[in-house]
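A.B. asks: First to last, the protein sequences are chains A and B. Number 170 in our numbering belongs to position 170 of the first sequence; there are no gaps in the numbering. Number 1157 in our numbering belongs to position 157 of the second sequence; there are no gaps in the numbering.
Careful: at least some of the hints might be erroneous.
Claimed, not checked - Derived coverage of chain B by chain A (criterion: at least 3 residues anywhere in the stretch with Cβ under 8 Å from a Cβ of chain A; other residues may be distant): (1) 1013 to 1023; (2) 1043 to 1049; (3) 1062 to 1076; (4) 1133 to 1143; (5) 1317 to 1329.
Said to hold, decoys possible - Here are some, though not all, of the chain A residues that point toward chain B, as calculated from beta-carbon distances under 7 Å: (6) Ala31; (7) Asp113; (8) Ala120; (9) Gly121; (10) Ser417.
None of these hints come from the bench; they were simulated from the model. Predicted model, so just to flag it, every value in this text is computed and none were measured. Here a beta-carbon is modelled for each residue, glycine too, at the ideal position from N, C-alpha and C.
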Amino acid sequence: MSITSALSSALTGLSATSRQAEILSSNVANATTPGYARREVGLRAAVLAGSGQGVAITGISRDVDRQLLGERRQAEAGEGDRSVRAAFLGRVEQALGTPDSAGSLAARVASLDQSLIEAAGRPESQARLATVANNIGSLINGLASATDDTQDARMNADRQIGDQIATLNGTLAQLEKLNDSLLSFTGAGRDVSALLDERQRLVDSISAILPIREVPGNNNQTALYTTGGVTLLDGKAAVFGFAPTRLITPEMTQTSGGLSGITINGRPYDTGGPNSLILGGTLSGHFAVRDDLAVSAQGKLDAVARDLVERFSAPGLDPTLVPGAPGLFTDDGAAFLPANESGLAGRLAMNANADPAQGGALFRLRDGLGAVTSGPPGNGTLLTALQSALTAANPLSSTAFIAGSRSFAALTHDLLSDTSTLRLSAQSEQSFAAGRLTALSDIEAQNGIDTDQEMQQLLVIEKNYSANAKVIQTVSNMIDTLLRLGA
Amino acid sequence: MTRVSVGDASLTNILARQGADLRGQVQRASIEVTTGRQSDIAKALRGDVAPLLAVDASLTRLNAFKTTTADAAFQASVQQNALAGLSSLAGGITTILLTARDYPTVVQVNSVAADARARLESVIGLVNSQASGRAAFSGTATDTVPLGSADDLLTALEAAAAGSTTAGQVAAAVVNWFADPLGYGAFYQGGEPLSAAPVAPGEAADLSTTALDPAIRDTLAGFAMAALLDRGMLAGDSGERARLAQRAGQELLTTEDARIGLSARIGSVEAQIESARTRNAAEGTALGILRSDIGSVDPYEAATRLENARSQLEALYLVTARVSRLSLVDFLR
Chain A
1 MSITSALSSA LTGLSATSRQ AEILSSNVAN ATTPGYARRE VGLRAAVLAG
51 SGQGVAITGI SRDVDRQLLG ERRQAEAGEG DRSVRAAFLG RVEQALGTPD
101 SAGSLAARVA SLDQSLIEAA GRPESQARLA TVANNIGSLI NGLASATDDT
151 QDARMNADRQ IGDQIATLNG TLAQLEKLND SLLSFTGAGR DVSALLDERQ
201 RLVDSISAIL PIREVPGNNN QTALYTTGGV TLLDGKAAVF GFAPTRLITP
251 EMTQTSGGLS GITINGRPYD TGGPNSLILG GTLSGHFAVR DDLAVSAQGK
301 LDAVARDLVE RFSAPGLDPT LVPGAPGLFT DDGAAFLPAN ESGLAGRLAM
351 NANADPAQGG ALFRLRDGLG AVTSGPPGNG TLLTALQSAL TAANPLSSTA
401 FIAGSRSFAA LTHDLLSDTS TLRLSAQSEQ SFAAGRLTAL SDIEAQNGID
451 TDQEMQQLLV IEKNYSANAK VIQTVSNMID TLLRLGA
Chain B
1001 MTRVSVGDAS LTNILARQGA DLRGQVQRAS IEVTTGRQSD IAKALRGDVA
1051 PLLAVDASLT RLNAFKTTTA DAAFQASVQQ NALAGLSSLA GGITTILLTA
1101 RDYPTVVQVN SVAADARARL ESVIGLVNSQ ASGRAAFSGT ATDTVPLGSA
1151 DDLLTALEAA AAGSTTAGQV AAAVVNWFAD PLGYGAFYQG GEPLSAAPVA
1201 PGEAADLSTT ALDPAIRDTL AGFAMAALLD RGMLAGDSGE RARLAQRAGQ
1251 ELLTTEDARI GLSARIGSVE AQIESARTRN AAEGTALGIL RSDIGSVDPY
1301 EAATRLENAR SQLEALYLVT ARVSRLSLVD FLR
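Just chain A, with the same shape it has in the complex:
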């Protein structure tokens, strides 16, 4: 229609291409930024009074696949849960020793067996009795260090829960503020992409802790729920409560009141079991370690320790002992009471009468724990009886294993096999979860910034820009021509 409208159309073209170049440069710069979603400038033909008036920018759109994002977050939570469990079970296996390691619990039991046989073959040998005492000590140490490792893992889990709860509370509060900012910015019509990126990054940062479902609302608002249905953020951020425990002993559990559970906005929630609404992330993984896996691992250790104590305090084994007196293995010096099974593996001690380190004498291994003076040095009867006590198939009094009669060695073999089996199945679950996460992350990465594509786009922008500039130059020439007519 008019030359000036051609000029203004060309100008809109210039500003649109500059905007495109700006967004493109931001895309290229953030090619490796996590949580950054590719942006695109939306264009449409500007229409003024029914005729085309150049190009208009409709806005900046973020290129996000919400479905994929949601699935990836679920996968991340699932992987987190599995890897926490697998890591713990791997640690327990290491604590007990793998079959080919020299310090494994089974190897310690075998050494004790060996030294008892050797001592029975030559009861007067001080060296062989000392070896028996050393091997008893080493077996006790093995059980004690496995107990320590297990309880350390529980304390570590408790600390992790505390840290994660702090992260959750902090992040949810930030998200609440971001939602407010987004509301006002969107209302004012400003570019909110950076805020959206930040929000996505924040949600990602807690998505491993809890399985999160994000529900978008109007005005770029978002609500967060766990897949179990707990509201994390809906206008107001939820506040999690948890009291960390510094020192955890085997008998402390959540039900006995020694350990903290979790509260959301002051209401207590189940941390495990079918009724728990927070299952499926590292948080529930740590709760599972603290309240379930470690407790059952400790239970098995205690069952082994109890079997050991009972084998060596059986009536009639050592005629010099008065009934009820502690046997070769004691519950921290005292006789074992069935009610005290919990944590026994950590309290085991060698009977002080026979332990030179506690002021006892080695000859009591040979002559009986109650012997006052050293008896005939060649008497191997008790040592043979001790060895038989170790190898006899006894019914198990604890309930941590399948009932049945077995030798002590077989019981430790069962313990190691159980532990290995649990570790392997946890690992295979973990690799399955990790595989899912990897696949989803790969797809997400494929949707990320492709610099080649951006460069192609840059060529187009460059061409468009010069074309628009050419238009302006030509229009300017035309106006000049008109102006020269008057001169």
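With the hints as your guide, set chain B onto chain A.
C.D. replies: Relative to the frame of chain A, chain B by itself:
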């Protein structure tokens, strides 16, 4: 606008992950090639490590039996040697003692008596012999030798036979003293018989022979009777002295069967120990083979895997290098 695009990070992720995976494979395979062991034994056994541990426990136990069979064999052989010594000492003097009455000269009886006394000392020395610091015939009192000196023995016998005037009375007194728990039974300083020594799983060797064994006791009695003559028993009555010497000879002759019997019994224990030792060694070998069957990795298979992973990793490096150079930026000038 629909465009086909693949994010930069995608390729990087995939290459990095495959690289990590392959490097892990190389690491596992090289550990298995160099050590011959499974890198994750529990995984190789699908978690059921009990059979492997049972084999290991048996191998450890067999090591213990290796020690105990060696000890028991040594003890039995020391006992056997002592008995052989006893028999040869007895054999060397029995005939001379038995013929003492045919040549009842005082000098002859005196010389055979002196010989008997010297032999008695040797016999006591043999019964007191030790197997690596352990008295062989003392039972559980392994730290004390079973018998006192020959002089003490003869003094005790002199007291028991005091007032005897005939060879028969002296012989009876000696036999009684040896049978008396307060006589020889008190002279014996050892303890209760040893309990059987473990030599194989569920099997024990009987090493219970002590100096109280009738074969040893009666042999001692025979030597002691003759040796009493050297202490001046029945002095002046050369006829009775010769008769006592002959009685001693008879005693030694009749105990020969008992000594052979005892020697055979110890010999059968030695045979039992030896066969236990052989069986243990065979079992150890068999278990060792089983152990490596269960817990070891086939070196050829592991080496093949290593080679495979290595070439894959090299290919991946090549691909990474080539692909990383593929960027439009490099071609826009």
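A.B. asks: So, for every hint listed, does it hold in this structure?
C.D. replies: Results of checking the hints against the structure:
1. Restraint check on the stretch 1013 to 1023 of chain B versus chain A: 3 residues with Cβ-Cβ distances below 8 Å, three needed, restraint holds.
2. Here's how the stretch 1043 to 1049 of chain B fares: 6 of its residues keep a CB closer than 8 Å to some CB of chain A, so the rule of at least three is met and the hint holds.
3. Only when three residues or more bring their CB closer than 8 Å to a CB of chain A does the claim for the stretch 1062 to 1076 of chain B stand; here the count is 7, and the claim holds.
4. Counting residues of the stretch 1133 to 1143 of chain B whose beta-carbon sits less than 8 Å from any beta-carbon of chain A gives 7, enough to reach three: the coverage restraint holds.
5. With 3 residues having a Cβ less than 8 Å from any Cβ of chain A, the stretch 1317 to 1329 of chain B passes the three-residue criterion, so the hint holds.
6. Checking Ala31 of chain A against chain B by beta carbon gives a least distance of about 5 Å; that is within 7 Å, so the hint holds.
7. Satisfaction of the interface hint for Asp113 of chain A is found here, the shortest Cβ-Cβ separation to chain B being roughly 6 Å, below the 7 Å cut-off.
8. This hint holds: Ala120 of chain A has a C-beta 6 Å from the nearest C-beta of chain B, less than the 7 Å allowed.
9. Restraint check, Gly121 of chain A versus chain B: the minimum CB separation of about 3 Å is within 7 Å; hint holds.
10. Against a cut-off of 7 Å between C-beta atoms, the interface hint on Ser417 of chain A holds, since the closest Cβ of chain B lies about 5 Å away.
Taken one by one, the earlier hints all hold for this structure without exception.
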